[in-house]
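Residue numbers (full-length UniProt numbering): 1 to 1023.
Hint data in this document are derived by calculation from the structure and do not stem from the laboratory. Predicted model, so just to flag it, every value in this text is computed and none were measured. Take the hints with a grain of salt, since some may be wrong.
What the hints assert, rightly or not - Calculated lysine to aspartate or glutamate pairs in the EDC-like style (CA-CA distance at most 20 Å, straight line):
no.: 1; residue 1: 893; residue 2: 754
no.: 2; residue 1: 379; residue 2: 449
no.: 3; residue 1: 474; residue 2: 171
no.: 4; residue 1: 552; residue 2: 449
no.: 5; residue 1: 245; residue 2: 499
no.: 6; residue 1: 579; residue 2: 424
no.: 7; residue 1: 322; residue 2: 616
no.: 8; residue 1: 310; residue 2: 198
no.: 9; residue 1: 655; residue 2: 616
no.: 10; residue 1: 438; residue 2: 457
no.: 11; residue 1: 488; residue 2: 478
no.: 12; residue 1: 384; residue 2: 424
no.: 13; residue 1: 473; residue 2: 1016
no.: 14; residue 1: 473; residue 2: 171
no.: 15; residue 1: 694; residue 2: 171
no.: 16; residue 1: 519; residue 2: 130
no.: 17; residue 1: 577; residue 2: 754
no.: 18; residue 1: 180; residue 2: 105
no.: 19; residue 1: 180; residue 2: 152
no.: 20; residue 1: 210; residue 2: 424
no.: 21; residue 1: 208; residue 2: 382
no.: 22; residue 1: 856; residue 2: 273
no.: 23; residue 1: 658; residue 2: 708
no.: 24; residue 1: 190; residue 2: 275
no.: 25; residue 1: 651; residue 2: 617
no.: 26; residue 1: 535; residue 2: 139
no.: 27; residue 1: 36; residue 2: 198
no.: 28; residue 1: 896; residue 2: 908
no.: 29; residue 1: 661; residue 2: 754
no.: 30; residue 1: 237; residue 2: 435
no.: 31; residue 1: 928; residue 2: 938
no.: 32; residue 1: 954; residue 2: 654
As the list claims (entries may be wrong) - Listed next, with one range per pair, are the computed distances between beta-carbon atoms:
no.: 33; residue 1: 440; residue 2: 768; range: 26 to 32 Å
no.: 34; residue 1: 185; residue 2: 599; range: 36 to 42 Å
no.: 35; residue 1: 185; residue 2: 474; range: 48 to 54 Å
Here a beta-carbon is modelled for each residue, glycine too, at the ideal position from N, C-alpha and C.
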Amino acid sequence: MPVEENSQPKAYGNFRLMTTSLSNNTIPVYKYVSEKTGLTVVIGEIEGPLVNGYICFGTEAHDDDGLPHTLEHLIFLGSEDYPYKGVLDLLANRCLASGTNAWTDTDHTCYTMTTAGEAGFLSLLPIYLDHVFFPTLTESAFITEVYHINGEGKDGGVVFTEMQGVENTAEEVVSCNMLKLVYPGKCGYKSRTGGVMENLRTSTNNDKVKAYHKQFYRPENCFIIIAGCTNPLNVLKVLGPIEEKILSKGDRGGYVRPWQSIVPPLLESTELEVEYPSDDQSNGMVHIGWRGPSVVKEYYKFNALSTLLKYLTDTPVSPLPKAFVDIQDPYCSRVSYSLTENSESLMMIQFSNVPLDKINLIKDKLFELLGDFVKNTDKQLDMKRLATVIHRSRLESMANLEDTPYDLIAFTVIGFMLYGNTKEDFHQRLNYISDLDKMEKEPAEFWLDLLKTYFIDGVSVTIKGIPSIQAQKKIAEEEEERVIKRVKEFGPEGLANLEKTVEKAVAQNNEPPPDEMLKFVPVPSIDSIHFHSIKCYTSKSPDADPRFSFNKVPLNMQLTDLHTNFAYIYVLMDSSKIKSDLRPYLNLLTSSFLQSPVQRGDTLVPYEEVVHQLEEDTVAAEIRIGVTSGKTFNCGPYPDTVCLMLQVEPKKYDKGIKWLKEILYNVVITTERLKIIAMKIINDVPEYKRSGSKMVYDLLKGILFGKENNHYGTNVLVQYNFLTQVLSRLDEKDGIEAVLKEIQNVRDVLTNPENMTAHLAVNLDILTKHFSDPAAIWEHFLPTGLSPIRVPMNSTPEWKIIKENLKESCVTGIGSVESSFLCMASPCITDYNHPDLAPLLVFLQYVSQFEGPMWKLIRGLGFAYSYYIIPRPSQGKLFFSLYRASNIIGAYKQAKLILEERLKPNTEWDQNLFESAKSSVIYETVQKEKCIGNVVTEALLSFFKSVSPDYNRKLVKKLSNVSIEDLVKIGPKYIAPMFDPDVTRVSVVCHPSKVEEISKNLNELGLRTTPYSTVEESFAVLW
C-alpha cells in the first residue's frame, strides 16, 4: 500500500520522489528518479545494525560468451578514479564491511555492499559507483580474471574456474537444456550468461566486454536499492558528484530498455533425454516445464500459479509428493517446483532422485494426476487446504520481513526494474500479502482454470537427466587430450611465453595503490552500531522476568525476550546416551516425528490429517540433529543435541506447546511409515554424493570422529547401508518387532525429561497480551508417568569427542566433479571466551580478506574460486578450505607460503591491511545479528557456547582493541601447527583421474595423504 504521509524529502538535487509504498504494511519504501540521468534510487527503511546496497542493471545476452558474468568480475579490478585492483574491497573493509560482492542472473546483474551502520555505507557508495560506471577493463585484468592458458597448457582464470565447477553438474545440464527448448528462436532467456567453457576459450574477449558495458551500464538502466537504517537525504547528497561525472561524459546515445523484444512462442511439446557425469548410475531426475503468464501484464496470475504449485508440492501429503514419494515403491525422493520471473515466465515441476526404471513413467503419471483434478469430482482441489496454504504463505511473508528483509525488498524491486512500469506495479510487487488476500476469495473454478490452461492444455517440455559413468570418463579424456595437444602445439618456447604473459598480467594487476588512496576513507566508530535489543533468562536466573514463572515448566527452561512478531518454541534433546549401534536410527526417527499418525485419546489421527493440522497451526515446523543447520546426512553444531522447533503466531503459543507434546509422546511409529521414510532417505543418497563440497567435509569427519557419535550415524554411506538393512528387516515379522523396539529405545532416551530442555524466543509484551501466565501452558507438557525434572542442558562440544588416534589424510575421487575441493583441520582454541580468539580472528582476516594476500594469490591467479580459514572453538579446530579449485596444488602452495611468511621473525605487517582486517571482521561479527531471525539463532547458540547474550557486542570491542603485536604472538600458537602432519588432517575430493597426482604432490609438500579412487573405498578405511 502507498505511504500516505512521510517526512522524507520530496526532491534533492536532480532527484525527485516518484512514489512511496509500505511493503506488506510494514517497511516504508521510497523511489527517487534523477531528472537528468534517469538513475533510480529505491530506499527501504529497515531497523537493524546493517545497511545493504544493491546496484542493479538489466542485462541481456544472446550467446553463451558469458559477457554479463565476465563484466561483473572485471568491474572490481579498478576504475577511472581508483585505477588499482583491490582498492574497492580494501576501502569497503575500512567501512565496516567485508568486501563487496555481485551476482549475474539471466536478466540482470547486481552488485552488493553491506556495512555496519550508515557512515561507512555513505563513504563507500560513490567509490562503488565509479567502478560500475567507469571501470578500467584492462587486458591484463581480462587475462587473470576471465581466461588464460598457463605455462603447463592448462586453462585458468577466475571466471573459467567458476564455470568449470558448474557446467557439467546434473542440475546445470538439465536446466540449460530446459531453457533451450522452452525459449526457442532468438531469445536471451536460454543464454548461459555465466559463459560456457568452450566460448570462454575461443570466443569471449575484452573488446566484446567493453561494448557490452557501454550498451547496458548506463544510468537509465540502473537501480540503486538501499535497505537498512539510513536517511534518504544523506544518500541523495553523496550521489551528486557521480551524477555530475556521468553528465560530463556527454551524450550516451539512444537507450533501449532490456527485455522488450517479443519472446518467440513455444508451439509444441517436447521430450529430451540428456546425460550428465556421475559415478553412481542408480537415480536420475526429471524436470517438466511450461510457459507461464507474462509478469509484465499478469503478475497476479503469476503469483496465483505460485500458490497453486505450492499447494501441489509443499508437504509430504500434498497431491504430488503423496502420489510420487510417499508410497511403498516411490517414483522419486522429492517433488519440488520453481517459477522463473521472465517476461514470459517459466514454471517447472522437478522430480529428484528418480530410479532409472521409473524415468519414463513420470510425465504420464503427472498428467494423469493433474487431469483428475479437472475430470473427477471426487479428486478435485481441496479448497480448505488451499486456504491453509494461502494463510501460511501470508505468515511466511511476515516471517521473511524478520528473517530476510533486505533481500526481500531488493528482489522485489529488481523484478519491478525489469518488468514493472507503473506506480500500481510498484505497489503490487511490494505487497504480496494483498495478492494473497485476493486469492483467499477466489472460487474453485479460478484455480481449476489455471490448472487446465497452463498445465493440462499448455505446451510442455520434459527433460530426463540420466547419470553416466561414460560421460564422466569422456570429460576427463577430453581435458587430457586438450592439454597434450596444446603442449605439442605451443612447444616449450610457446608455453614459456604463455606463462610470461600471465605473470606480466599478474604484475600489472597487483601494482599497489598509493597509500593515501587507502587512507582517505575514515574507519567509522563502532559506537554507531545499533544491535537488536535482547534479554535471556533460564530456570536458575535470579533476575528472571516476573511475567514468566519458570517453576511451572516441568523441564529445564531457557527464555529469550526480543522484538519479534512470532514465538519460536524449541525442545532440545540430548542424544549422548543413545547406544552407538542405534544412533543411525536418529534420521529415521526424527523424520517420522513429523510424518506419522498421532494418538489422541481413543482416536488414531491419520498422518495426512496430522500434517494438514500442523500446517494450519504453524509458520514452520523443523527437526534436526545439531542445534542449527542440520540436514539429513549432516549434523549441525553440537551434534549430540536433537532440536525440534515450531514457529507460531503468539496467539497460537498454546497450540504450539500442545503440538510439541503430541509430536514427542503421541506420534505412533508404524511399519508402513518407516518403510516410506527410509526409502525417501535412501533415494536422496546419489544426489548428495555428487556434491564435492559436501563430501570433502564428510571425509574429514571420518578422519576426526569415531563411530560413537552422530556424525557417524548420519553419514550418507552409513545411512544407505543401515536403512537398506532396515527395509529388509521390515519385511519379516521378527524383524519388524526388533526394529520397532530399537527405534523406541532411541525415542525413550530423547524424550526422557532429564535429557530435555525447553527454549522459547518471543516478545513477552505481545505474548502476555494473549496469555496472562504463559509459563502455565507448560504445566501439563509431560505425559502421565513422567515426573518434572530440571537438569541443566548438556552441551558437549565436538572437540571432546574427536578421536585420539586419527586416521591419515585422504584424497578421494568423485566422478561428478571437475573442480577440486580441500578441507584441512588443525588444533585450535576450544573456548569462545578465550583471550586469543579476537587476535586470531584478525590474523586470519588479515591474510584472507578481500584483496588480501590469499585473495590475490589464490583467487586472483585463478587457482580456486574461493577459500576460507576460520576457527571453530566448539570443534577445537582451525579449518582451511579450498572450494572449486582448478589447480588445487597451486592454491595450497600459495596458502602455505602466505601463512609461513607471517610466522617469520621481523615480518612487516601492512597498516592498511591490518585496519581493513579489523573493520571487516567486526562487520562479520555484527552480521551474525543482522535480522531478528539471526538474533534468535545466536541467542540459542549462546547457551551452548557458554557465553552471555551480548557476546557479539563484547567481541566487537575486543576486536577493535587488537594490535599488530597481538598478531605476532598468535601465529606460532595456532598457525604453525597447520603444517604439522602429526596433528593436522586434510581431505581432498577431485575427479578420479587426478587422485594419484594430487596425493603425490601434497605428500611432497609435507602432508601425509592416502589416495582412494572412490568414496566407498575411503570410508571403508576411515570409518
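query: Taking only the CA atoms, is the gap from residue 322 to residue 616 under or equal to 20 Å?
result: holds (18 Å)
field: Restraint check for residue 237 with residue 435, where alpha carbons must lie at most 20 Å apart
entry: Given pair residue 237, residue 435 is violated - Cα atoms ~36 Å apart, limit 20 Å.
query: Are the Cα positions of residue 310 and residue 198 separated by 20 Å at most?
result: violated (38 Å)
query: Within 20 Å, alpha carbon to alpha carbon, are residue 954 and residue 654?
result: Distance of about 36 Å is beyond 20 Å: violated.
query: Given the proposed pairing of residue 535 with residue 139, does the C-alpha separation stay at or below 20 Å?
result: violated (55 Å)
Proposed proximity, residue 130 with residue 519 (alpha carbon, max 20 Å): holds (18 Å)
- prompt: Taking 20 Å as the top limit, are the C-alpha atoms of residue 180 and residue 152 close enough?
  reply: violated (35 Å)
field: Satisfaction of hint between residue 449 and residue 379, Cα-Cα up to 20 Å
entry: Roughly 15 Å between the alpha carbons, so the hint for residue 379 and residue 449 holds.
Residue 474 and residue 185 - C-beta distance against the hinted 48 to 54 Å: violated (30 Å)
20 Å Cα cutoff - pair residue 655, residue 616: holds (11 Å)
- prompt: Do the alpha carbons of residue 694 and residue 171 lie within 20 Å of each other, as the hint requires?
  reply: It holds: about 16 Å lies between the C-alpha atoms, which stays within 20 Å.
Given hint residue 105 paired with residue 180 - CA-CA distance at most 20 Å: holds (16 Å)
Comparing the model with each numbered hint stated earlier shows that hints 1, 4, 5, 6, 8, 10, 12, 19, 20, 21, 22, 23, 26, 27, 30, 32, 34 and 35 do not hold.
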